[in-house]
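Chain by chain, the residues run as shown.
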Amino acid sequence: MSVLSSVLASEGAFESHHWLFPETKEIIWGGLAFLLVFGALWKFALPQFKKAFAARTERIDKDLRGAADARQAAQQAATTIRSQLGDIEAERARLLAEADAQAAQLLVDGRARLDAEAVELEAKAAADLSVGQSRLAGEVQAEVAAIAAAATRRLVSSQLDDSTQRDLVEQFIVRVGASR
Amino acid sequence: MSDRIDAYANALFSVAQGEGNLDEVEDELFRFARALEGSDALRTALTDELIPAARRQSIVEDVLGGKASVTTTALLSFVVGAGRGRDLPEIIDRLVHRAAGAKNLAVAEVRSAVPLSDDQRERLAAALANATGQAVTLKVVIDPSILGGIVAQVGDTVIDGSVRSRLDQLTSRL
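Protein chains in written order, with my numbering: chain A, 2 to 181; chain B, 3 to 176.
Hint data in this document are derived by calculation from the structure and do not stem from the laboratory. All figures in this text were calculated on a predicted structure; none of them were measured in a lab. C-beta: ideal position from N, C-alpha, C; glycine also.
Listed next, the stretches of chain B that the computed footprint assigns to chain A, with coverage defined by at least 3 CB atoms under 8 Å from CB atoms of chain A:
id, stretch
1, 106–117
2, 127–138
3, 147–154
4, 167–174
To be clear about the criterion: a stretch of chain A counts as covered by chain B if any three or more of its residues have a C-beta under 8 Å from a C-beta of chain B, and this derived list gives those stretches:
id, stretch
5, 155–167
6, 171–178
Kindly produce the complete structure, drawing on both the sequences and the hints.
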């Protein structure tokens with residue numbers, strides 16, 4: 002039983018004509034009260050509700066924009082990371098290629114140096130051999146010359162008898178006498 | 003020093019000339035000088051100041067042993083006794099050159115492996131005179147080290163016809 006029904010009952014003016022439907026007055030007063038409450042709600046609550054809803058909507062939009070920004074930032078970061086990964090891969094490949102090139106160049110240089118050293122050593126060995134041969138030949142020649150000279154001196158001395166000595170003196174006299 | 007050597011050379015020249023056997027003395031002195039140059043032992047004995055002069059003179063007499071004239075022996079003993087044994091070769095060379103100069107001759111020092119005959123000496127002197135353009139007096143030294151042939155020196159001119167020099171040339175050519 003509503004407050005309005007109670008009031009009408011107490012006044013004795015209220016009389017129900019059906020058990021299911023309220024009295025007409027009650028309907029009127031109830032409708033007026035409803036309208037009054039509805040109007041108050043419309044005037045005071047609805048703006049607050051709209052304001053809260055708008056704020057919530059704005060907050061949600063803000064959150065959505067933030068999420069979109071975050072997503073975009075994440076995508077940007079992912080792109081950057083992928084790019085950096087690509088750069089790292091390229092740098093790795095470049096370094097590997099450079100290392101391979103340096104190794105190949107070192108190999109070429111080493112082979113060239115070894116070849117040059119081998120040629121130089123070979124030339125030096127040939128020169129040393131030539132010098133050694135020349136020195137040995139010179140020593141042998143000097144030794145042979147000394148032996149030959151000694152043998153010749155001994156042979157000549159043994160052949161210098163009185164007749165030969167006399168001939169030598171005569172040859173000297175004749176040669177000097179003819180040499181003016 | 004040179005004046006003193008000249009003084010000794012002049013003294014020896016005067017004595018030999020006064021004795022009348024200058025050529026013989028000069029020749030003997032020359033050969034003694036060459037022998038002195040070729041013998042270290044003899045040079046040491048005649049120049050050693052620690053050996054008394056009388057001992058040195060007796061060494062000279064022993065070396066000559068009658069193979070030289072009395073004048074030559076006396077002159078050598080005089081020089082050695084005076085302590086001039088070291089200068090003896092140079093004194094004698096000056097004497098020889100002075101004697102040759104007195105006769106307007108050049109000195110030809112001849113080294114031969116064997117003794118030369120008089121004929122060979124005369125022909126060699128004539129040949130050297132022809133080669134050098136001046137008359138020479140020969141001073142012959144027997145030098146077996148040249149093996150054979152002759153080496154003659156007149157002034158600064160040397161004519162080497164020795165077997166030793168030919169062998170040396172052969173050795174250097176080898």
